[in-house]
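Colleague: The chain contents come next:
There are 2 protein chains.
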Amino acid sequence: MSNCSFSSSDGGIRPIKYSNAVLSLIDQRRLPTEEVWLEYTDYQEVAEAIRSMVVRGAPAIGITAAYGAFFGARDIKAENHAGFVSEFNQVCEVLAGTRPTAINLCWALERMKSLVRANPDQPVGNLKIGLEYEAMAINEEDIRVNMSMGRHGAALLPDQVRILTHCNAGALATGGYGTALGVIRAAVAAGKQVAVFADETRPFLQGSRLTAWELQRDNIQTTLICDNMAGYLMSKGLIDAVIVGADRIAANGDVANKIGTYTVAVLAKEHNIPFYVAAPTSTIDLQISDGSQIPIEERDIREVTHVGEQQLAPSGISVLNPSFDVTPARLISAIITEHGAVKDNYTEQLTAFVRKGR
Amino acid sequence: MSNCSFSSSDGGIRPIKYSNAVLSLIDQRRLPTEEVWLEYTDYQEVAEAIRSMVVRGAPAIGITAAYGAFFGARDIKAENHAGFVSEFNQVCEVLAGTRPTAINLCWALERMKSLVRANPDQPVGNLKIGLEYEAMAINEEDIRVNMSMGRHGAALLPDQVRILTHCNAGALATGGYGTALGVIRAAVAAGKQVAVFADETRPFLQGSRLTAWELQRDNIQTTLICDNMAGYLMSKGLIDAVIVGADRIAANGDVANKIGTYTVAVLAKEHNIPFYVAAPTSTIDLQISDGSQIPIEERDIREVTHVGEQQLAPSGISVLNPSFDVTPARLISAIITEHGAVKDNYTEQLTAFVRKGR
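These protein sequences, in sequence, are chains A and B.
For the first sequence, position 323 matches number 323 in my numbering, and the numbering has no gaps at all.
For the second sequence, position 172 matches number 172 in my numbering, and the numbering has no gaps at all.
Note that these hints are calculated values from the structure, not bench results.
Since we're looking at a predicted model, the values are computed, not measured.
Treat the hints with caution; some may be incorrect.
Which chain A residues face chain B? A few, computed with CB under 7 Å, are given here [what the hints assert, rightly or not]:
id, residue
1, Trp213
2, Val266
3, Ile317
Take a look, some chain B residues computed to stay more than 12 Å from chain A by CB distance [to be verified]:
id, residue
4, Arg144
5, Met234
6, Gln287
7, Gln349
Glycine residues also receive a C-beta, built at the ideal position from the N, C-alpha and C atoms.
Kindly generate the complete structure, drawing on both the sequences and the hints.
Modeller: Set out below in C-alpha cells:
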C-alpha cells in the first residue's frame, strides 16, 4: 500500500509516506543538510513526532495524526464497540494535544472519530481496517485539494510576478504540492514567470531550511532573505504579491499563521501589495467567530536562544517565543481554497465552502 | 593614558579602550558567550577590524577609525607637511572605505584631517601628537554626547514604558552609554519603570548577542524576541514606544539604520506607537537631501546562510543581504540628538544642530 499516487515531478516531495502499515516521515528538523526518514508504527511516537516538529505544517500535522490514530486503534485490545470507542477517544485526545494552533489536527481526528461513530454495528476489526483507509484517504485528498487550490490561486497572479512567502506552506507542510507553494507551482506550470522571495522565518527557519530546499529541488527561482528584509524589498518595488498558508482560519476570515505573517500583512497593506492566504477548507474553524479566540502556541525559548548547539543570547535572558500570530481579515486580499478564492463576505462564503466538504 | 573617565556603572561597558598607544576592542563577534579583547597598533589592522565587524555601530566605527588614522599618521616616514598630508589622506581613504553606510566614519576622519589642515605650520611630530589627542577627544566626547542625548530622550518617555529596540544602539555601538540604549539608561536613571523588548536582529544578531548582553549586565529588564514577533507584540498592546539608533540621517530626516528598522517603523505607525531615533549630530549628513541617496551596504550571504559553522539553507540558494534600510522621516516621531529632539521641520532644525557642533 502506498499513497504516492502523484510522482514527485507533479509538485515536490511527499514528506509523508505510508506503506505496509509503516509511516515514514522525512525529519524536517534536519533539512536542508540531511535527508533522514524516520519510521513510525506507534501512536505515542507519532504524537512525539508532531510535538517535536519532525513533521510540521497544518495539513501535514492533520495527515500524520490520522495515521497515528489508526496505529492507536489497531493496538486497542478491547473487542466490544464501547470499549473500543472509549480507548480510541483517548488515543485521539493524546494526538490532539500535541500542538494547539493548527485546526487541521482536530479536523483529521474528528474525521477518524466520525467514521467510528457512523459504524456502530461494525465489528472492531472492520473499524480498524476502515480507519487505515480513512487515514490514507485524508492523505491523498490533501494532495488533490492542494492542486485545486493551486489552480484557483494561480489565476489571481499576473504573468510575471515576484512573490514573497513566509514560513513553509509547501509540499513539506502538506501531503504534497503545498498550499501557498502549491499556488506558486501551479503558476509556474501555467507558464507564468515566477520569482520567489522566501523569508527565512525565525526561529525555526522553515523558510531557509524547507521552502528554499523544496523550491530549489523543483528549479523554481528562489531568493532567501531574513524576515526583517521584507519591508525593504517592498519599499524598493521588488514584490508584486504575498502568498502564505494558514494554521487556522476563523469564521470571519481572520487567519492564524506562522509568527511574522501579521507583520508581512501590515507591510503589504502599506505598499498596496495583494496579500493572499492559501489554505484548504479543513483549516477553517467555523466554531470561532474571530481570530482573538485562536490559541497561540508558545514554544521552548531554546528555539530563539540557540541554533543547534550554538548559543546566540546570554544565559538567563527572558525570551518570548509565540509560534503564531493572527492576521485580521481586513489585511487579506483573498483566501484561496480548493473551492475557489474568497475576497469578501468571509463568514458567509467560508461557511458555504466548509459545507461543500472536500 | 586612558579614556575611561566614566566608570562602567555610569552606563555599561566601554567597548573601545585606549592606553599607551594601544587600542583595545572587545570582539563583538564572539559575544555573548566569550569576552575577548583584541589589541591594535596598526591602521590596516584597524581597518580590517571595522570591515569584519569586531567593532560595529556608527559612532563606535567613527571612534575606532580616528584611532586608526592616528596609528597611520604616526607610522608615516615623511617629515615635510606636504608629504605627510598626502600619505595621511591615503590612510584615511583606506579607513573610509571599510563600511559605506555609517557617516560617522567619514565625520571622524574629516575631523582628523581638518586638524592637519588647520595646522599647516606645525612640524609633523606635533601633528602626530595632536592627532592622538583628537582621537581621544572624539572618543570621550561621544560618551558625553550620548549622556546628553539620553536626558533629552528620557524626557519624551512616560514613567512606565515598554520599549522595543532593534539592533544594538548601545554602549557597544558607541564610546559608551549608547544612543538608543543611552535613552533607556537615562530613563532608568531618572527612576522610570522601563521594560525593554530587544529584536534579535538577523542576520548578525546584534540584538540577541549584544543588546541583551549589555542590558542584562546593567540589570535592565529585557526580553528577547525574534524580529518577526514585533508586530504581534504591538497588536497585543505590549509596546509603548520604539527607540532605535541611526547610521546616517539625510537632511530631510530620512534615517538609514540596521535592516529591519523600516519594518518596525511601519508597524509602529500602524499601531500609533511613537517611533524615536537617537543619534548624535555626527550621524547627520547635510550633503544629501533625502534617504534615497544613502548607499546601502550588501554583506556576505554567509551571514544569512550560516550561524557559525552551522548551515541553515541549501547550498547554492540565492540570497540578498542588505545591511541597512531607510526609514522615511514621515514615520519618525522625533530624532533625538545631544542638542535636543527634533519633531518636524527636519531640514531646518537638523542644519541648525549640525552648525552648533558637538
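Colleague: Could you run down the list of hints and mark each one as holding or not?
Modeller: Structure-based check of each hint:
1. With 7 Å as the threshold, the beta carbon of Trp213 of chain A comes within range of chain B, its nearest partner Cβ sitting at about 5 Å, so the hint holds.
2. About 5 Å separates the beta-carbon of Val266 of chain A from the nearest beta-carbon of chain B, less than 7 Å, and the hint is met.
3. Nearest Cβ of chain B to the Cβ of Ile317 of chain A: about 5 Å, under the 7 Å cut. The hint holds.
4. Distance to chain A confirms Arg144 of chain B as a non-interface residue, since its nearest Cβ pair spans about 28 Å, more than 12 Å.
5. Remark: the non-interface label on Met234 of chain B conflicts with the geometry, its nearest Cβ contact in chain A lying 9 Å away (cut-off 12 Å).
6. Residue-level check passed: Gln287 of chain B sits 22 Å from the nearest beta carbon of chain A, beyond 12 Å.
7. Here Gln349 of chain B stays apart from chain A, with its beta-carbon at least about 25 Å from theirs, past the 12 Å limit.
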